Each structure stands twice: as structure tokens, then as C-alpha cells.
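> Put together the whole structure using the sequences plus the hints.
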Amino acid sequence: MDGQDQSVSIRGQPVSGYPAASSDDCLAAINALHGSCGVYTRPALVRSLLDRIGWTCDADLANARLLEPGTGDGAFLVEAAKRLVASFVRRGLPLRIDTLRERVLAYELVSAEANKARERIVAELKALGIHHATARACARAWVKSEDFLLAELPDTCFSHIVGNPPYIRWSKLPPSIASAYAEKLPRTIARGDLYMPFLHRSFEHLQPQGRCAFVCSDRWRYAVYGDDFRARWTASLQIDTEPAGDPKDLFDRDVYVHPEILTATPRATPKPLTIKRQAAGKTLAELDCTVRVGPALGVTSAFVLEPGEADVEPQLLHRWVDAQEVHHGEIHWRGRHVISPFDETGTIIELHDFPLLAARLHRFSDRLRARHIVRKGAVWYRTIDKLVPSAWTAPKLLIPEIAKSPRVAIDLSGAVPSHGTYAVFSHSLDIEDVYDRLKNGKLARALAPVAPTVKGRYTRCYRRFLAMITI
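The opening residue of the sequence shown carries number 1 in this note's numbering; numbering runs sequentially from there.
Rather than coming from a laboratory, the hints here were simulated on the basis of the structure.
On a predicted model such as this, the values are computed, not experimentally measured, just so you know.
One or more hints might be untrue.
[Stated by the list, open to error] Computed list of lysine to any residue pairs in SDA-like fashion (alpha-carbon distance at most 20 angstroms, straight line):
id : residue 1 : residue 2
1  : Lys116    : Asp98
2  : Lys404    : Val293
3  : Lys172    : Arg219
4  : Lys116    : Leu128
5  : Lys172    : His372
6  : Lys439    : Lys386
7  : Lys82     : Arg96
8  : Lys442    : Lys386
9  : Lys184    : Arg219
10 : Lys442    : Thr470
11 : Lys82     : Leu93
12 : Lys282    : Tyr458
13 : Lys376    : Ile402
14 : Lys404    : Lys386
15 : Lys184    : Gln209
16 : Lys386    : Thr345
17 : Lys439    : Phe342
18 : Lys442    : Glu432
19 : Lys386    : His328
20 : Lys282    : Asp433
21 : Lys386    : Phe342
22 : Lys116    : Ala141
23 : Lys172    : Ala133
Right, dumping it as C-alpha cells:
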């Protein structure tokens, strides 16, 4: 940019809502947060989301208002500005600061990123023929260097809302930021994952005829911490979701969530909140069944022996079944065994009493000792969950945690299931009677109203959803 255009940045402003005791600590916390969840959106997804909310070149945007709660370096704003100018030109509207200022509002917590966004907006507007002074004024008006969750938002609502809100588990937030959010946000929203309060505040500021589109995690639809959020918004908004696609095609860096595209529009008449349940049948709890997930091991290759391996004392080995071995109605066991480093009372064994086991586990010592439970003081050679084989010997049903088609099989062998497999124990009925209620696709039909799907249309058969079904 030329010398006249170097004043678009807004530097040195305090971040409202945060403790003022130490600006250096505040900046460090903000940078840490950005490093964890500053994942930017690729252009194709930006265009797709703007299309979904109707912020397009041929739309009448003369009185529209676009909100982006976390703008990053301005990918959405640059494309939005291009479409806004095209809409104005198509309708012969003047491209002045008084006509453009109120059309867009975006928030960005990290000052350096906000400055990048402003500079990109100026460059784009100038390329579209906008006077440099108007371009700079728009950039300053459109991008606020503030935390969207703590900012005092305008009284007027928005016709269009779009973005890629930050995703990070609440427990991973820097303490000073988590504390500021806890003071400002409703207690039912300030938990779980950070993107949920971004959705919540955005929905609060959506016009009655407005449209909203986000790319976000799918966890709001089924996680326990989302109960209040779902109760609040599914009654008043028409919310539609679909898989977003391969994350590497969507974002500028790897993410470890299942992204979906969420679109929302206010309902003309809020629907009453109802709980989907089948007309007849009983829950597993009502049938006196319990559901447990297989024990977590920590380093599977250390504790699971492949067929033919015999380097551990036989009395420590127990049949092991993972989710891929559970088929519709039968188990295709591959002959693997799992080591239990606990005796029948749940007490960790003494490793020196089992020299073969000691020799094997010492080969995995570095990986085993690096686990979180060991750093917190646990014995280095234990499994993460206490593995007492007798707890798994009763007849049970096995259900994979994630499946293309939910499936169930009976296990009468006393096998220990993997951590990705759920076991259903019946305390009153014969296990075959419970199986009859779930076999031949009945499990999939029972889960369909309550269990979400992930990329590839796989169903999550989590214990939470198994507890909700009626059979």
C-alpha cells in the first residue's frame, strides 16, 4: 500500500472484558488461545457459506447487515466485500462510507490478525474501484479488535451471519480467558466447547428473517453439555446440518473434529420442545441392563498380543475383541489376547513376579511412561482403566462405538472388549432375549432418531444414545 493507506491498523487498544492486572499476561493468554484454535477457512468453503446465507452479488444488500464473530485474517470479509460492491453496482447505489459502514461488522480478538483483515479489505476495495479513504474507513468500521464473547454488541440485529467459530475444549482455555467468559456468559453456555457460545450469541442477534451459516464441530448435537443449548435453540430456529467434507479441503491446518455445515433460520412459530421416543418398548435400563465401554489400555500394542505371540505368562492373558471383529449377529475373533496387569481384587500385580511380562513391557517403556496417568503418579505398567477380567465374563452383547450400520452380537466367551466397543449386560432377562430386540437392523432403527452421524455417514453408538433408545 502507498503511504496514505498505512493507517488502517488499530493498535494498542486494550482488550475489553479481561483482567487489567497484567497486559503482558493477557496478551500471552490471547496468543495461546489463537495458537490452539486459529484455524482458517479455505476460499471454496468461504464462498459456499456466503452462498448459503444469500450474501451474493445478485442479492439486494442495500440494507443488509452481515456479522462475522471471529474474522481471523479476513477471508470471509474479503469475499463478502466483493459481493457487496457487486450488489451495489448492479443496483446503481453509491459506494460511500455512509452507505457501506453499517453493512458489515466483524470481531477479531488477536490484534495482529485484525490488522491483516483490515489491510486485505482495503486492498480488495481499492481493486474494486473504491476511493482509498472510503476503503480505509470501511476497514476500520467493519473490523473490531475485540472478543466477540465479551463485546457489547449493537442493539440492531443482523440479516446475515457467517463464519468459522473457534473450536477448543473449555478445559483447555487459558485460565484468565475462561474466568472472563464465566463472568460474562450464561453458566449453561460457558462449558463444553468454545464454539458453542459463539453460536449462542450469534443466534441471539439474528433477525427474524435472517440466515446464519457456520462450519463447526458436530458435537453440539449430542454432547451432554449441549442439552441446554439444544433446548434453547432447536425450538426457535430451523437448524439444518450436513457433513462439511474432508477437513484438509476445508481448513489451512489439520483439525481433529468432525466438521459440519450448520445453517439456521428463525422459525415463524417456535415449535414445542419434544423428546423423540418410540411409541412402545422399554429402555435398556428398564430392562435391567447396564452398558459399559471396554477398558482403555493406553498403548494397545504393549498390552495386546497378536496370534502366535507367546512372550507373556499365560495366566495374565485373556481373549480380546475389538469393534472390527463384531459383525451382525456373530463375532469373528482374530485370536488376539489382552494382558491384565491386575489381579482379581483389582490390585496391580508386582512386575518382578512375572519376568516374561516385565521383559515385554520394558520394550514399550518409553511410550508407557509418557502417558498422562503415569506423569500424574500411576504405576508405569498399568492399563489406563483397571482391567479385571472377571468383570467381563458374563454373557453380553457387543456393539461397536462407531459403525456404518449399527450392529450387535452375543459374546459367550468372556472376552474383554476394546475401548471402542460397548458391552450390554442383562441382569434379569436372558441375553438372547435382549439380543432379539436389537438384531436384524432393530438397533439401527432405534438409534436413528437420537444418534448423530459423522463423516461417511457412520453412526455414533455411544452409551448416551444406547441409554435413550427403546426396544
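> Does each hint fit the structure? Answer for all of them.
Evaluation of the provided hints:
no.: 1; hint: Lys116 - Asp98; result: 23 angstroms, violated
no.: 2; hint: Lys404 - Val293; result: 19 angstroms, holds
no.: 3; hint: Lys172 - Arg219; result: 16 angstroms, holds
no.: 4; hint: Lys116 - Leu128; result: 18 angstroms, holds
no.: 5; hint: Lys172 - His372; result: 15 angstroms, holds
no.: 6; hint: Lys439 - Lys386; result: 31 angstroms, violated
no.: 7; hint: Lys82 - Arg96; result: 15 angstroms, holds
no.: 8; hint: Lys442 - Lys386; result: 33 angstroms, violated
no.: 9; hint: Lys184 - Arg219; result: 23 angstroms, violated
no.: 10; hint: Lys442 - Thr470; result: 10 angstroms, holds
no.: 11; hint: Lys82 - Leu93; result: 15 angstroms, holds
no.: 12; hint: Lys282 - Tyr458; result: 25 angstroms, violated
no.: 13; hint: Lys376 - Ile402; result: 30 angstroms, violated
no.: 14; hint: Lys404 - Lys386; result: 30 angstroms, violated
no.: 15; hint: Lys184 - Gln209; result: 28 angstroms, violated
no.: 16; hint: Lys386 - Thr345; result: 11 angstroms, holds
no.: 17; hint: Lys439 - Phe342; result: 34 angstroms, violated
no.: 18; hint: Lys442 - Glu432; result: 14 angstroms, holds
no.: 19; hint: Lys386 - His328; result: 29 angstroms, violated
no.: 20; hint: Lys282 - Asp433; result: 13 angstroms, holds
no.: 21; hint: Lys386 - Phe342; result: 7 angstroms, holds
no.: 22; hint: Lys116 - Ala141; result: 14 angstroms, holds
no.: 23; hint: Lys172 - Ala133; result: 42 angstroms, violated
Comparing the model with each numbered hint stated earlier shows that hints 1, 6, 8, 9, 12, 13, 14, 15, 17, 19 and 23 do not hold.
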